[in-house]
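Chains as they are written, first to last, in this note's numbering: chain A, 1 to 291; chain B, 292 to 720; chain C, 721 to 995.
Worth flagging that the hints you see were computed from the coordinates, not collected in a lab. Do not take every clue at face value.
Stated by the list, open to error - Quick list of in silico lysine to aspartate or glutamate cross-link-like pairs, EDC-like style, CA-CA up to 20 Å:
no., chain 1, residue 1, chain 2, residue 2
1, B, 714, C, 739
2, B, 678, B, 710
3, B, 714, C, 752
4, B, 348, A, 235
5, B, 396, C, 745
6, B, 714, C, 745
7, B, 329, A, 236
8, B, 329, A, 235
9, B, 714, C, 760
10, B, 678, C, 752
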Amino acid sequence: MTLQTIGRRRRPGTRTIAWRAVAYVALIAMSATILLPLGWMLTTALKPDFAPVFTPTPQWFPTTDWEWNNFARALLDPARPFWRYTLNTVFIVTMNIVGTVLSCSLVGYAFARLRFRGRETLFAILIITMLIPWQALLIPQFLLFYNLGWYGTMLPLIVPSFFGNAFFIFLIRQYIRSIPVELELAARIDGCNQWQVFRHIVLPLIRPVLMVCAVFVFLDSWNDLLGPLVYLIRDEDFTVAIGIANMVTSREPHLNLLMAANLIMMIPATLLYFLAQKQLVGGIASVGLKG
Amino acid sequence: MRSTTRITAILATALVAGALTACSPGGSSQVSDDGTGKVVLWYLPEDDGATFIASIKEAFEAANPGTILDAVGVPEDNYVTKVDTAMLANQPPDIAFMLDAKWIKAGRLAPVDKLLSDAGVDLANWNPVAMSSCQLDGATYCVGSQQFTTALVYNKDMFDAAGLDYPSATEPMTIDEFAELSKRLTQPSDDPAARVYGAAISGPLNGMTSMATFYGEDGTAAIGNADSPRTAHLFDVLAGLARDGSITQPVMFANKSSADLMSAGNAAMTIEGVDYVGFAMDAADRRWGVAPPPVIEAGDTPYVFSGTDRWAMLTGGRNNLGAEKFLSWFAQHGGEYRLQLDQAPLDTTQLSEWAEGSESRGEMVQVLTLATHPSPFIPNLWGFTGKLDDLYIQLASGDKTDAATELTSLAPELQRQLDEAWKNWEAIR
Amino acid sequence: MAVFTVGPIIGSLVISFTDWNLLSEPGWVGLDNYARLATDPEFINAVNVTVTYVIFGVPIFQVTGLLVALLLNLVLPGMRIFRTIMFLPTVLSGVAVAVLWQQLLSSEGAVNQILRMLGIANPPAWLTSPGWAIPAVIVIGVWGVGAGAIIYLAGLQNVPPQLYEQATIDGAGPIRTFFAITLPMLTPTLLFTVLTGIIGAFQVFDMAFILGGPKGGVGGSLSFYLLYVWGQAFGNGRLGYASALSWVFVIACAVVVILILRTADRWVFDESESR
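Model the full structure from these sequences, guided by the hints.
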């Protein structure tokens with residue numbers, strides 16, 4: 001893999017020291033604008049209760065207060081069983097990733113490569129469904145799930161993902177369309193059927209975009225607040241997002257605990273992304289496609 | 292086409308309702324005829340609510356063997372939606388924090404007057420302003436336990452240093468006197484950390500004055516009130532102070548920063564929740580006092596906001612007997628557990644115990660006796676009254692200058708939205 | 721999909737012809753809700769705010785997203801770390817981001833302190849200054865542009881390396897290579913990000929809700945369309961009117977989307993059709 005990933009880069013000659021320096025300066029500047037605010041979050045998370053959070057000059061790095069205990073308080077508050085919430089969230093998130101990747105890769109492939117009557121119309125309708133705001137669908141959808149007897153269960157949060165999602169179908173379709181079609185044609189000539197082409201040729205090729213899907217589905221369902229809140233009614237079914245939202249109140253916002261909890265919340269998604277990068281960057285080069 | 296069920300039916304048939312077999316919803320609670328079993332309670336985890344609820348749960352269950360209080364915290368921003376949808380699904384909790392008066396209007400909450408008198412609670416001991424948010428057309432629909440007071444909180448050391456007398460806890464100053472005090476307490480500085488504002492004030496709406504100032508005593512007339520010379524004077528004075536730096540710009544920091552400014556010594560006065568600022572001042576070891584907020588003109592009735600937690604019984608709950616048992620127990624004992632957490636209890640007979648040993652708290656109790664006149668009820672108030680806040684922000688920043696002109700042009704729009712809010716309110720049946 | 725979307729879609733259409741408030745029996749009001757729109761000044765304001773945001777926000781997000789992706793696509797030591805850092809804002813929940821930026825963009829906040837150091841004496845009050853609220857939301861959007869960048873990044877993996885080799889042999893410089901090879905090969909991804917970017921910009925909700933409150937900021941300057949819909953449905957209890965608002969929204973957005981899809985054949989490079 002290494003040779004190919006390096007080999008696919010542009011003309012080696014342009015990669016001079018100066019070029020690299022410019023790139024590093026840009027990267028470091030961008031990183032700073034992202035990390036400084038996060039430093040402010042950490043500073044806030046480490047403050048004792050009632051210490052002023054909104055100081056006249058922003059404190060970018062923790063200097064005076066080191067209440068590491070806040071992380072434990074945020075996580076171990078008996079009123080908010082975060083371990084339980086985490087288990088529930090992980091379950092919902094995993095089911096959503098599996099459901100979305102399965103259904104959307106199949107449908108996306110069909111829209112990209114199969115020719116059938118009304119394909120373009122169907123595709124346009126799919127795009128239009130993305131336009132309908134969830135604010136308008138919340139109550140009708142609620143009534144539907146309620147009438148299915150799913151109120152108070154996790155089913156409304158899981159089952160729909162197995163029926164596809166317009167955003168990800170569209171994403172995968174576009175990705176497949178940018179892949180050279182020769183490999184698939186060759187496989188067809190070699191006697192593969194449509195399913196085998198999909199399974200053995202297309203699926204490996206679209207791994208980067210499936211990783212993107214997984215990361216986005218993870219983020220969406222990990223941070224989703226309203227869905228779990230509206231459908232779940234027992235505390236033991238609640239998710240991390242509800243637990244965190246319960247820390248923000250207009251009367252007495254424990255901003256230190258809130259920031260601590262949010263910093264902890266970031267860790268799983270960041271780890272997932274860090275690990276997923278290997279898959280994300282690879283694509284065609286990594287399967288060794290020869291033109 | 293006249294019923295919810297019709298709409299649901301249309302949906303259901305348009306779909307697959309029959310195709311999938313319904314499984315039973317998770318929240319089934321045992322219905323009992325003696326009030327035992329589970330009592331489901333939804334609460335806002337605000338103000339250490341979780342700690343309070345935990346202590347209440349333990350005590351209530353010990354006193355009522357066989358009854359379990361199943362307390363579920365629901366985030367504030369989506370609380371109303373959560374309760375609304377639960378009502379749609381015919382599975383509301385037995386007890387809920389009352390956040391929206393529309394539930395009373397729609398008959399979803401049970402009146403508790405008889406329950407209270409049976410429990411031996413004398414409503415005269417509960418602050419009338421606090422309880423007004425629980426009442427509609429003379430009936431009471433919720434039960435409280437804690438006393439929230441919004442008043443003027445000031446830093447006593449700063450008054451001493453400036454050689455000024457402390458504000459009276461019984462006689463409100465006028466807004467012009469307040470302006471004078473603010474100016475004298477202000478210490479300008481180019482260094483934001485060394486700057487002292489006479490007062491940290493977020494605007495004319497937040498605890499400063501009754502809504503009657505803007506919408507009249509019955510809460511129906513913006514024209515004639517919001518655009519009156521009195522209201523314009525209030526806006527002009529405050530915005531003038533903000534422009535010359537004697538009070539904070541309304542949006543200088545994010546919300547709740549007034550307590551931060553007070554405890555850090557960057558502000559000498561504020562109009563805020565007394566308990567919240569008081570805790571911050573105590574934590575920072577600063578001496579603080581309490582006074583009623585200023586009035587617009589000498590002789591006006593002072594306005595002190597008083598509020599409480601509001602626990603209501605839902606008519607569609609599964610365990611009505613258990614809910615009654617809980618509310619009745621809570622009405623009698625809720626205040627004790629507030630005291631245990633060092634929070635101000637709603638019952639005035641318990642307040643002295645809370646204030647004992649603290650001069651500042653004593654002043655708050657004194658100021659609270661002025662809280663007799665509730666702000667008028669206005670449906671969907673926060674849906675439109677923010678326009679007044681917006682105007683104040685623009686006046687304070689200098690984007691706009693003449694409050695009277697601006698209020699006169701704003702009043703018809705406020706009136707339109709007010710009328711609409713009342714119309715929507717009346718449509719709730 | 722059909723099961724869980726089409727049904728509720730029909731449901732919301734039905735509701736848009738009623739005066740349902742969730743609590744009382746709904747009454748049939750025909751087209752009243754749609755007729756009301758014409759005389760609702762808040763509706764006009766919400767349209768203005770949203771369209772302004774779409775027109776200025778979408779191009780800015782697309783260009784910065786692509787630039788960041790190109791930068792992150794370089795093969796340099798430590799790139800995995802930079803890629804992770806750029807992605808961090810995406811991982812943060814909306815509440816934390818909003819609280820953070822409320823502080824940074826307040827009139828005495830960090831952003832303005834930096835602007836003052838740069839010699840700008842009277843920087844705007846951003847979120848609370850009506851003319852500056854939308855630029856503020858765009859700034860926050862740019863901060864979180866890493867999410868869009870990773871879609872571009874995935875798309876960049878698809879450009880066959882031999883095309884670059886060919887360009888190198890032909891003596892093309894990096895800028896020519898970008899316009900002759902990278903950009904055309906990226907057009908399917910571009911179509912996706914532009915379309916979803918526009919839809920996302922029309923549908924801004926969470927950030928506006930937390931930054932400007934349910935009432936939509938100072939002077940309605942953050943009253944994005946769906947925030948207004950939400951306020952009408954769940955604040956004001958007018959679900960019927962909110963549904964009508966939603967349907968007008970869907971139709972308007974559909975026109976924009978269909979226009980873009982119509983032109984797509986002309987500029988989107990499609991492997992399936994071209995070879």
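Q.
Which constraints among the numbered hints does this structure fail? Numbers only, ascending.
A. 10
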